Amino acid sequence: MAEQMMAADGRTLKSSLNRALRRQKLRALLLITPLLLFILITFVVPIGQMLFRSVENQIVGDTIPRTVEALADWDAATDPVPDEDVFRAFAADMMVAVEERIHTRLGSRLNYETAGISSQFRRSGRDVEDMGEELTAQFTALDPAWQDPATWVALMADPDWIADSATAQTEPAFIISDAARDALPRTADIYADFARVTQVINTDSPTEEQPWNVVYIALYQDLIANPAPQIAGAPDGLLGAAGAAVAGFVAPDMRAAFVDSDAGWGSTATWQTIQTYSPAYTSSYFLNSVDLKQTPDGIEIAPENQQIYVKLFIRTLIMSLTIMVSCILLGYPVAWMLANLPSRQANLMLILVLLPFWTSLLVRTSAWKVLLQQQGVINDLLVWVGLVGDESRLTMINNATGTIIAMTHILLPFMILPLYSVMKTIPPSYLRAAKSLGATNWTAFWRVYFPQSVPGIGAGSILVFILSIGYYITPEIVGGTSGIFISNRIAYHISSSLNWGLAAALGTILLAVVLALYWAYDRIVGIDNVKLGG
Amino acid sequence: MTSLPIYATTGQKIWHYTFRVIVGLILFFLIAPIIIIIPLSFNAESFFTFTPEMLALDPAGYSLRHYRDFFTNPDWIRPLQNSLIIAPFATVLSVSLGTLAAIGLSQSHVPYRRAIMAILISPMIVPLIISATGMFFFYSQMGLWMENTLGFSRSFTGYVKVILAHAALGIPFVIITVTATLVGFDHSLTRAAANMGATPTQTFFKVQMPLILPGVVSGGLFAFITSFDEVVVVLFVGAAAQKTLPWQMFTGLREQISPTILAAATVLVAISIVLLATVEMLRRRSERLRGLSPN
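So the sequences go chain by chain: A and B. When we follow UniProt numbering, the leftmost residue of the first sequence carries the number 1, and every step to the right adds one. When we follow UniProt numbering, the leftmost residue of the second sequence carries the number 1, and every step to the right adds one.
Not one of these hints is a red herring.
Non-contacting residues of chain B with respect to chain A, defined by C-beta distances greater than 12 Å in every case (computed):
id, residue
1, Leu57
2, Gly61
3, Arg65
4, Tyr67
5, Pro74
6, Ile85
7, Pro88
8, Ser155
9, Asp186
10, Ala198
To give a feel for the contact side, a few chain A residues facing chain B, derived at Cβ under 10 Å:
id, residue
11, Gln24
12, Leu35
13, Ile39
14, Asn347
15, Trp368
16, Asn379
17, Thr408
18, Ser487
19, Leu515
20, Leu517
Quick caveat, the hints were computed from the structure, so don't treat them as lab data. Here the structure is a predicted model, which is why all the values come from computation and not from measurement. The beta carbon of each residue, even a glycine, is placed where N, CA and C say it ideally should be.
Could you put together the complete structure from these sequences and hints?
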């Protein structure tokens with residue numbers, strides 16, 4: 001067997017070369033890593049987060065967790081309006097949400113699905129504090145100690161917390177005792193929220209604040225379920241007396257209180273909406289972005305007057321195709337001329353193509369706004385020539401025409417440059433050869449030249465199409481209402497309607513289309529071959 | 001194509017000249033809108049069309065009032081300053097990171113080269129509105145974190161957010177131009193330098209950098225113009241305090257259109273002519289340096 005080749009340092013040549021290669025790879029990666037991290041953090045993560053937002057729906061479960069749980073086995077078919085338990089759970093959730101000032105946010109979220117819910121949340125948010133005060137009064141009448149914050153702390157607080165707060169300078173975060181959790185589970189649960197809100201949001205102490213009415217309701221429920229709870233260290237006889245008395249109390253009617261506050265709470269649709277949209281992840285934004293609607297009975301087509309997105313997607317595609325075709329028609333002759341002129345003249349002409357390419361997008365858009373107006377230069381010119389009467393000036397702006405004209409102008413260089421770089425490589429002798437073999441001008445062009453320029457058309461078309469499908473600025477300024485694209489709708493949902501989930505879903509669909517085209521572009525042209533400015 | 005052969009038929013002659021007229025018209029369509037705003041910006045009235053005085057070339061029909069407004073009105077000065085703060089920082093960031101990465105990418109053995117390239121180019125491919133949407137969510141959280149945890153002022157945070165966003169958008173241009181320059185780079189030069197005892201740093205600054213400098217500078221210009229011209233992302237990520245020149249033009253065009261926009265546009269056209277000339281010059285110089293072009 002032949003002896004292995006050795007490098008100078010005594011290793012085998014093979015391992016020495018491998019080591020050098022590894023080191024080279026490592027150095028290349030070290031140079032790339034900073035930028036890769038930068039792009040990942042500043043660009044890829046934000047986009048990923050947006051995609052996530054299109055299915056995320058934690059807001060319902062996070063804001064009204066008790067209600068979601070109580071609603072889980074409610075069936076609208078047997079019971080048009082949920083029972084009192086659901087309303088009590090909802091009262092507790094609303095109380096916490098109102099104190100945290102997040103109930104209106106949930107109202108707006110659900111309003112995307114059923115119009116009018118938002119105002120229900122706002123109205124009842126103001127009323128919920130007073131709901132159930134009759135019950136609180138009955139407890140207080142039984143024993144005034146129930147109104148004393150100290151009674152509640154003695155019942156609910158963990159002994160360690162009481163000891164800690166006696167010595168500590170600032171009150172530590174409230175801890176519920178395990179005994180209270182075992183004996184009075186509902187009360188302990190809502191009291192924990194009360195103590196947290198009092199400490200964190202109102203910067204107050206639970207030792208000085210009387211609990212909310214909903215805490216008394218929870219206590220009532222707990223005592224009905226178990227009239228003789230045992231909590232070590234509770235004030236003597238207090239719980240026992242209450243446990244014996246609650247059976248005689250007038251039961252709180254939260255359902256009546258809510259329906260009284262807003263009749264909407266008595267409707268099946270409201271509760272169906274809450275139930276349908278309670279899971280933490282939802283496909284509803286995606287359904288909405290293709291004009292479908294998630295209803296309790298399954299997926300349905302949205303009412304006719306709300307069907308806008310499919311139309312808008314189709315319009316975006318058709319207008320992008322129109323712009324692409326206009327760019328091919330206008331770009332081909334220019335690229336052909338560029339490729340066939342002697343280089344000095346071609347360079348001069350190229351500057352005429354590159355100047356618009358380098359000019360600010362807003363400059364070009366403002367130019368078209370100025371030119372296309374009814375009192376603008378083009379209409380003035382047409383009136384002066386006499387083609388158009390002064391009273392029948394053309395409407396060329398704030399509609400689809402305006403968008404197509406302006407965007408064709410803006411994207412034309414992106415068609416001309418790739419076409420030109422392909423045409424430059426087609427030898428002119430082919431055309432001459434075809435003609436000398438007897439082809440007519442047209443046949444020579446169509447059968448010989450054109451097929452060779454197709455890669456350029458493909459590259460330019462995909463580039464123009466990708467760019468135009470996601471355009472925002474130009475349609476916004478010259479498009480009016482009939483010339484806008486899907487991107488304008490996305491921007492509208494971000495900045496005006498604040499329906500961010502829908503904006504994210506629309507964006508995700510658009511991104512998927514663009515990435516598919518990008519993949520095709522990479523296949524046909526190769527992303528490394530993108531040329532900028534010749 | 002340059003001239004017709006003497007044996008050309010009448011039909012061929014007619015086609016030859018018609019074709020030239022067609023191309024001329026298309027070029028006119030490309031250039032005219034940009035050119036026409038220049039005389040309009042000297043309008044003495046607040047109109048967007050040529051007044052009879054202007055058409056009669058009467059000096060009274062022209063004035064510099066819109067330029068005076070542009071250079072004195074705080075509504076325009078402030079955005080101009082913001083643009084001039086944001087764009088250079090974003091450019092420096094994208095050029096320094098981008099050049100390093102482009103050098104790394106041009107080495108002969110880079111694992112996952114294709115995937116890395118796709119990620120680095122993605123800010124150019126993803127539609128701006130989607131980038132803006134994603135950045136809107138992410139950067140508002142990041143801004144809150146910077147204000148509350150790191151204790152930076154609101155205005156500083158605002159600038160940082162826009163600069164980072166613009167740097168990300170400019171990076172693909174730097175990568176593309178610099179890798180294109182590196183394609184023609186002769187690696188035996190660095191080996192020669194190393195052979196003669198230069199350290200890697202010395203080799204980079206004395207041998208490699210001067211040769212790829214034109215590519216770096218034109219990539220930088222692209223990054224600069226990207227940031228200087230960008231409006232969608234800044235609309236979503238920035239606050240009113242970071243209003244840039246394109247943003248001001250955008251609101252101007254959408255709400256109350258004032259002829260000062262035309263003065264601003266003319267200034268921007270002048271800037272783009274300067275930039276175009278610089279890039280063109282650099283490209284030729286680079287080709288000459290690398291011996292790709294005979295002259």
